[in-house]
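Protein chains: 2
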Amino acid sequence: MEKLHKIGFSKLAPLEDTIQKLLMKIKVNPLEEIEITKALNRVLAEDIISEIDIPPFDRSAMDGYAIKAEDSFGASLKNPKKTKLIGTIEIGESSNLKINKDEVVRISTGAPIPEGSDAVIKIEDTEIEENIVTIYNALAPGKNVSKRGEDIKKNVLALNAGIELKAEHIALLTSLGFNKVKVISKPKISVFSSGDELIEPGTPLQSGKIYNSNKPMISALVNLYGGIVIRAESIKDNKESIKIKLIESVEDSHMIIFTGGTSVGTKDYLPEIINEIGTIITHGVAMRPGSPVLIGFLNKSLIFCLPGSPGAAYISFLKISGPAIRKMLGCSVLDPRIEIVARIDKDVPVTGLGILHFLRVKLEKRENEFIAIPVKLKGSGVISSLTASDGIIEIPPNQEGLKKGEQVIVRLFPK
Amino acid sequence: MEKLHKIGFSKLAPLEDTIQKLLMKIKVNPLEEIEITKALNRVLAEDIISEIDIPPFDRSAMDGYAIKAEDSFGASLKNPKKTKLIGTIEIGESSNLKINKDEVVRISTGAPIPEGSDAVIKIEDTEIEENIVTIYNALAPGKNVSKRGEDIKKNVLALNAGIELKAEHIALLTSLGFNKVKVISKPKISVFSSGDELIEPGTPLQSGKIYNSNKPMISALVNLYGGIVIRAESIKDNKESIKIKLIESVEDSHMIIFTGGTSVGTKDYLPEIINEIGTIITHGVAMRPGSPVLIGFLNKSLIFCLPGSPGAAYISFLKISGPAIRKMLGCSVLDPRIEIVARIDKDVPVTGLGILHFLRVKLEKRENEFIAIPVKLKGSGVISSLTASDGIIEIPPNQEGLKKGEQVIVRLFPK
Chain A
136 MEKLHKIGFS KLAPLEDTIQ KLLMKIKVNP LEEIEITKAL NRVLAEDIIS EIDIPPFDRS
196 AMDGYAIKAE DSFGASLKNP KKTKLIGTIE IGESSNLKIN KDEVVRISTG APIPEGSDAV
256 IKIEDTEIEE NIVTIYNALA PGKNVSKRGE DIKKNVLALN AGIELKAEHI ALLTSLGFNK
316 VKVISKPKIS VFSSGDELIE PGTPLQSGKI YNSNKPMISA LVNLYGGIVI RAESIKDNKE
376 SIKIKLIESV EDSHMIIFTG GTSVGTKDYL PEIINEIGTI ITHGVAMRPG SPVLIGFLNK
436 SLIFCLPGSP GAAYISFLKI SGPAIRKMLG CSVLDPRIEI VARIDKDVPV TGLGILHFLR
496 VKLEKRENEF IAIPVKLKGS GVISSLTASD GIIEIPPNQE GLKKGEQVIV RLFPK
Chain B
136 MEKLHKIGFS KLAPLEDTIQ KLLMKIKVNP LEEIEITKAL NRVLAEDIIS EIDIPPFDRS
196 AMDGYAIKAE DSFGASLKNP KKTKLIGTIE IGESSNLKIN KDEVVRISTG APIPEGSDAV
256 IKIEDTEIEE NIVTIYNALA PGKNVSKRGE DIKKNVLALN AGIELKAEHI ALLTSLGFNK
316 VKVISKPKIS VFSSGDELIE PGTPLQSGKI YNSNKPMISA LVNLYGGIVI RAESIKDNKE
376 SIKIKLIESV EDSHMIIFTG GTSVGTKDYL PEIINEIGTI ITHGVAMRPG SPVLIGFLNK
436 SLIFCLPGSP GAAYISFLKI SGPAIRKMLG CSVLDPRIEI VARIDKDVPV TGLGILHFLR
496 VKLEKRENEF IAIPVKLKGS GVISSLTASD GIIEIPPNQE GLKKGEQVIV RLFPK
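Going down the list, the protein sequences come from chains A and B.
One rule links them: number in this note's numbering = place in the first sequence (from 1) + 135.
One rule links them: number in this note's numbering = place in the second sequence (from 1) + 135.
Isolated chain A, as found in the complex (with noise of 0.2 Å):
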């Protein structure tokens, strides 16, 4: 029989052995320091200590009086008892009030309680007449008062390195001090994708010709993982040509995207010169879809050549390519997908023992509980399948399937 294989892929590498090969080759980026403003997004990359209490003294938790506790024992609507106002201290002041035995401060909500003081008494359980407040109520010591460092304290893990940088942690950074930030440098990615068949959206469909939606949705996948696209471009299925870009790239790419030319047809000539001038790490993986993907490096660039459909594509960098980007920004979680427990409301067989097979579903919430349905599928191309879908469920190689009514993990589609 006709032998086309050059550089075949005649055994398939097991999904989970490439991937933490390939991790391990990859190195965390350099780090860089960058205003908490653009913070939104970026990898954390150095733990934080606190260097401060938050708060950073003891505050008030209400409007009312600052008062010492003991006073107000035993007060109540039918046994008042008289305090003498002694002052006010307003948010945002540094007062040096201090308060002795049945004295009280007026006091605003945020406002450093006085010394002598370890309560608050709220505005609607007091009155006042000239200088005189009268407590209708008893508290416990530390009612109504932020207590310093109840936050943070000073000196404790206040984030880990890795975490990506989200409002709630900007606050937390801002709230110690920090105007500034120290992030891992995203990684430097070049996008292209081949095949003679692909036009460019905008210009008329010719025929015979299909239009390259590969480009555009690896770029978009690359800045959704935290990547930059330092550049995106179509190329033609020519030996020379896609060489000549290759080594162009390597001089400022941490890594290199491909989508097609990566099979065994006649024209696929990426693997070729791959083995050529680079180093192949892995070509062919034993998972469907997605088994054409090629991993090496050129030099100091990760190289991925993913399968031309965008099925596939789109899959094998999820899988692949997405937490290889994710390794270079030192996130703690490399694949950055939702998990959600579901059922799966019908049988799923696969065909392909040894083969890990990705099922794209759809979920529907179910009296609290989640149905997951499988999204009807005609070849791995089929880009409407991922935009009907939610998530997808990994059937591992060693599994015949799916029975219905079974207890599934799908991991949603990276938002």
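What the hints contain is simulated information worked out from the structure, not anything from laboratory work.
Among these hints, one or two may not hold up.
Here are some chain B residues pointing at chain A (derived, C-beta under 7 Å) [as the list claims (entries may be wrong)]:
no., residue
1, 171
2, 227
3, 309
4, 310
5, 331
6, 332
7, 336
8, 342
9, 343
10, 346
11, 356
Computed from a predicted model, the values in this text were never measured in an experiment.
Glycine is no exception: its CB is placed at the ideal position from the N, C-alpha and C atoms.
Dock chain B against the given chain A, drawing on the hints supplied.
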């Protein structure tokens, strides 16, 4: 007793009513057309009807030979059939080749199959000698062929207005030929925090002061929810300067978000000002934390005054301001948070019936089930309660807390 409530909120409005009332008053922003390569996370402004079939032609799903399926009927290893090779179609080629009985055409994956053929036989199931191709397998019609329109048919609704464009939608749009797309323009939002206790991070901490964390936190949330922060400033608790800022910002802001200055302390000028020069829709919502929220309008700008304590500001943003931004964006889903079904791991009593309570929880996966562990709180201001949690459980106003083991819905923090 002392009367401080100049414009107070003696009666708290139910949250759901508040949200419904608010959303009804919000119009969707105008649309704009942008490059598809910039469309990640933008909101689609119009339904997309496919103008072409995808794939646009019957194409081969294999490297092999295009054939009339019936010519293969009965073929097997023991009973091979001979056919005549009449040409080759490479991917991307438009071909006028037409096959007749017992003729085949060499074809690449993705190439259009020639007229007269209805199946593709894999290379591995054939042998070639000169121009005679021997067939060792029988094929059903349609085998290894992706039919025209199999992924998306012409003239069908391919995407709905109101979705946020992710990588897979960008792939679909470009595969339909779009290089530009109409999206809803981003709401322009001014962010202010007021409070004489606030100082800026990056400066030394002064006695009685705390670092301003609300301004960067709310700005990050605005970005995350799809708005643009056009200004983010701290203002002193001074009626005149707050009023001037407000009047200035109304000129160019779809929305103005304040934090702080909304309760009933002596220096809380915001409700007064908005009552004077604008319209208050709601002041005081029956939720904890977050009850002092004020919602109003000044001319066409929507105004939110959120509580000054970061935890309360964060939660009231998620429940009220965030969905308002998404309504302006025309999102079909106004609350973007993902829901997880979990079991609560301890009793959670609540005080204050008639109030919606937000319980911050951490999630743990145990044997394919999520367990929600309440995060210990001391006051709504506690930022560490947000960074230590994964999401929020809502305990409805009429419910006396949660019982250990009860099933709950956890809404994850927005990512």
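Do the hints match the structure? See the list:
no.: 1; hint: 171; verdict: holds (6 Å)
no.: 2; hint: 227; verdict: holds (3 Å)
no.: 3; hint: 309; verdict: holds (4 Å)
no.: 4; hint: 310; verdict: holds (4 Å)
no.: 5; hint: 331; verdict: holds (3 Å)
no.: 6; hint: 332; verdict: holds (4 Å)
no.: 7; hint: 336; verdict: holds (4 Å)
no.: 8; hint: 342; verdict: holds (4 Å)
no.: 9; hint: 343; verdict: holds (4 Å)
no.: 10; hint: 346; verdict: holds (5 Å)
no.: 11; hint: 356; verdict: holds (5 Å)
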